[in-house]
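Engineer: Okay, here's what each chain looks like letter by letter:
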Amino acid sequence: MKNILKPILLLAIITTISFSSNASEQSKKLLNLEWSFKGFFGKFDRASLQRGYQVYAEVCSACHSMKYLSYRNLVEAGGPEFSEEQAKVIASQYEVTDGPNNDGEMFTRPARLSDNFVGSFANEEEAKAANGGSYPPDMSVLVKARKGGANYIYSVLLGYDDPPSDITLDDGVYYNTFISGNKIKMAKPLSESLVQYSDGTPATEEQMAKDVTTFLAWAAEPHLEARHKLGFRTVAYLIIITILVYFSLKKVWSRIETEV
Amino acid sequence: MSDQNYTPKSKLGKWFNDRLPLLTLRAHLTDYPTPKNLNYWWTFGAILTFFLIAQIITGIILAMHYIAHADLAFESVEHIMRNVNYGWLIRYFHANGSSMFFLAVYIHIFRSLYYGSHKSPREVIWVIGMIIYFLMMCTAFMGYVLPWGQMSFWAATVITNLFSAVPLVGESITNWLWGGFAVGSPTLTRFYSLHYLFPFLIFGLVILHIWALHIPGNNNPIGIDVKQPSKDTVPFHPYIVLKDLFALLVFLLLFAFFVFYSPNLLGHPDNYIEANPLVTPNHIVPEWYLLPFYAILRSIPNKLLGVIAMFASIFVLVILPWLDTSKVRSAIFRPLYKQFFWFLVADVIILGYMGAMPAEGIYLLVARVATGYYFVHFLIIFPILGYKEKTLDIPLSITDPILGDSTNQSLAKEQINKK
Numbered sequence: 090m091k092n093i094l095k096p097i098l099l100l101a102i103i104t105t106i107s108f109s110s111n112a113s114e115q116s117k118k119l120l121n122l123e124w125s126f127k128g129f130f131g132k133f134d135r136a137s138l139q140r141g142y143q144v145y146a147e148v149c150s151a152c153h154s155m156k157y158l159s160y161r162n163l164v165e166a167g168g169p170e171f172s173e174e175q176a177k178v179i180a181s182q183y184e185v186t187d188g189p190n191n192d193g194e195m196f197t198r199p200a201r202l203s204d205n206f207v208g209s210f211a212n213e214e215e216a217k218a219a220n221g222g223s224y225p226p227d228m229s230v231l232v233k234a235r236k237g238g239a240n241y242i243y244s245v246l247l248g249y250d251d252p253p254s255d256i257t258l259d260d261g262v263y264y265n266t267f268i269s270g271n272k273i274k275m276a277k278p279l280s281e282s283l284v285q286y287s288d289g290t291p292a293t294e295e296q297m298a299k300d301v302t303t304f305l306a307w308a309a310e311p312h313l314e315a316r317h318k319l320g321f322r323t324v325a326y327l328i329i330i331t332i333l334v335y336f337s338l339k340k341v342w343s344r345i346e347t348e349v
Numbered sequence: 004m005s006d007q008n009y010t011p012k013s014k015l016g017k018w019f020n021d022r023l024p025l026l027t028l029r030a031h032l033t034d035y036p037t038p039k040n041l042n043y044w045w046t047f048g049a050i051l052t053f054f055l056i057a058q059i060i061t062g063i064i065l066a067m068h069y070i071a072h073a074d075l076a077f078e079s080v081e082h083i084m085r086n087v088n089y090g091w092l093i094r095y096f097h098a099n100g101s102s103m104f105f106l107a108v109y110i111h112i113f114r115s116l117y118y119g120s121h122k123s124p125r126e127v128i129w130v131i132g133m134i135i136y137f138l139m140m141c142t143a144f145m146g147y148v149l150p151w152g153q154m155s156f157w158a159a160t161v162i163t164n165l166f167s168a169v170p171l172v173g174e175s176i177t178n179w180l181w182g183g184f185a186v187g188s189p190t191l192t193r194f195y196s197l198h199y200l201f202p203f204l205i206f207g208l209v210i211l212h213i214w215a216l217h218i219p220g221n222n223n224p225i226g227i228d229v230k231q232p233s234k235d236t237v238p239f240h241p242y243i244v245l246k247d248l249f250a251l252l253v254f255l256l257l258f259a260f261f262v263f264y265s266p267n268l269l270g271h272p273d274n275y276i277e278a279n280p281l282v283t284p285n286h287i288v289p290e291w292y293l294l295p296f297y298a299i300l301r302s303i304p305n306k307l308l309g310v311i312a313m314f315a316s317i318f319v320l321v322i323l324p325w326l327d328t329s330k331v332r333s334a335i336f337r338p339l340y341k342q343f344f345w346f347l348v349a350d351v352i353i354l355g356y357m358g359a360m361p362a363e364g365i366y367l368l369v370a371r372v373a374t375g376y377y378f379v380h381f382l383i384i385f386p387i388l389g390y391k392e393k394t395l396d397i398p399l400s401i402t403d404p405i406l407g408d409s410t411n412q413s414l415a416k417e418q419i420n421k422k
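Order-wise, the sequence lines are chains A and B. Be aware that the first sequence starts at 90, since it is given in our numbering, and climbs by one per residue. Be aware that the second sequence starts at 4, since it is given in our numbering, and climbs by one per residue.
Note that these hints are calculated values from the structure, not bench results. What you are looking at is a predicted structure, and each value in this text was computed from that prediction instead of being measured. Some clues are possibly wrong.
Which bits of chain B does chain A cover? Going by a derived footprint, with three or more residues having C-beta under 8 Å, they are [to be verified]:
1) 241–247
2) 262–272
Once the Cα atoms are required to be at most 20 Å apart in a straight line, the calculated EDC-like pairs of lysine to aspartate or glutamate come out as [said to hold, decoys possible]:
3) K156(A) - D74(B)
4) K156(A) - E81(B)
5) K340(A) - D34(B)
6) K156(A) - D34(B)
Note that CB positions come from ideal geometry on N, CA and C, so glycine has one too.
From just these sequences and the hints, can you work out the full model?
Structural biologist: This is the structure we're talking about:
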């Protein structure tokens, strides 16, 4: 009888797997990078984060907001770790509306570390109007909001191509091999030497895509390094205590096995 | 269980015990006689208790920082993740904790089915357990709505819309549930309120569940009653306590993997996009643990019948003790039932998978067959098996098979081997 069970379970598992492999074949396989922040001990590459912030500030932020981040995050451990002075300078380049003051009037002032990232548009409608009716999504948690995560963002950034001859594109629509439907309303954002890295790294498209994706991955998960660190300690502790409990369990149960 | 074991030594203790004999319950945690042949599938009760309490504690902390408002909920969750000290840990604990809770409850339920723990004299334990399970699903669903991401919003829309299938008053009911004419802030606040309430209802029911368990005592893998007094049992402490603790720690290792290294693996990426009533996601899916029921719902073309089928699939579980006619509890001595048990496991897994797929073509067909089998299993196979099945010989006592020197036991072994 037992012999019949296994084939049935196996059949269920095989159908499940074959269905799932079918489903994933529909879209082109994403580019896959060895991200430094993956794995049990994964950490962000500090220099890459700083370069990535530069790409974001000089390129992406023209359209994309990052409203859940504040300038102080740039200083915090586990992030790009700019010095406080650097971050203050970065913040002061942006203007925020504050107030009301004692006269009851709103005023603008340079941003401080405690302020959230300042976006380019006052609201979603303005952003849509400036981008052909399509809203450039906020990038604070974008890496977590897309299937494939960092690999997906990286792939889309590098996925621009000339459309095949059988596809005609409307004005303001671009061809991208990785986005679903292959049509994207964002123009190709990166091109060779678009930014000038201060650390002398050559600003190739791949390099910029990698840096900004790393930055976005950190932005979506700012406590990732703390999480990995605490995770290691927790697992180590759990393993030790599990072994200890196992031996006391054996010891205690050995009392009755002989008695019975 | 004798309640006489506890006699207070101090004057104060005696004074208190005369007025409220609370501490006599201590015996239920110490020398409560437990069958000594319980295997590790029996440790999931303790694991579930741990997770219920852990979910309540992390939930209360999250509630200190969360804001239940359509415009602020998503932002407040990001606030927890970024600015609250260890907020990310508490939220990931809570979110993945619910998945672990359901994983454990599914193992717990299937263990009951396999060893016949739902049968006389434990029907009440089973029914209370099923009510707990139903409340868990409600709680988890409402909790999924709280982050107010795209999946939260659209899951809430789909599920609350089900009630519009009710004839005549359907629309009134959905409007009443929503607190308006669409899912919005009033819906979110009432879900939040109920999401906070239900775990405490579950907690109360768990106490009843354990109370009901302590009347007949635990079932066991052999499925026969313990002989009293006998060497069939061990005191709960330290034997079972240590065993449960060990199993819990191993389970926590799996949990730690999710919390620390793959905290978003079991979630849906779309839930990191703020809810937008104007944009419908391509596929609206619930959390993995609700997928089998979602598949049953969608496999029926008529909305009302689909809703009825979904609730019926839970209801057949509730009345299972009276559908299962077999006198023998454990599947070890029920060769045919054992096979059908694994059919059911495969069926539920397939249903779960189909629930995650779009309801079309081959997926829909498979989901329909699997839904059909689900009901056939409970409504036809269970009652008939009890009459038709030739069960194996059952050992006289629990100590019997362990000692290995009884004729009964070697007979049973022989018969199992033959198959």
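Engineer: If a hint holds in the structure, say so; if it doesn't, say that too.
Structural biologist: How the hints compare with the structure:
1. 241–247: holds (count 4)
2. 262–272: holds (count 6)
3. K156(A) - D74(B): 14 Å, holds
4. K156(A) - E81(B): 10 Å, holds
5. K340(A) - D34(B): Cα-Cα ~19 Å, so holds.
6. K156(A) - D34(B): Violated, because 58 Å separates the two Cα atoms, which is more than 20 Å.
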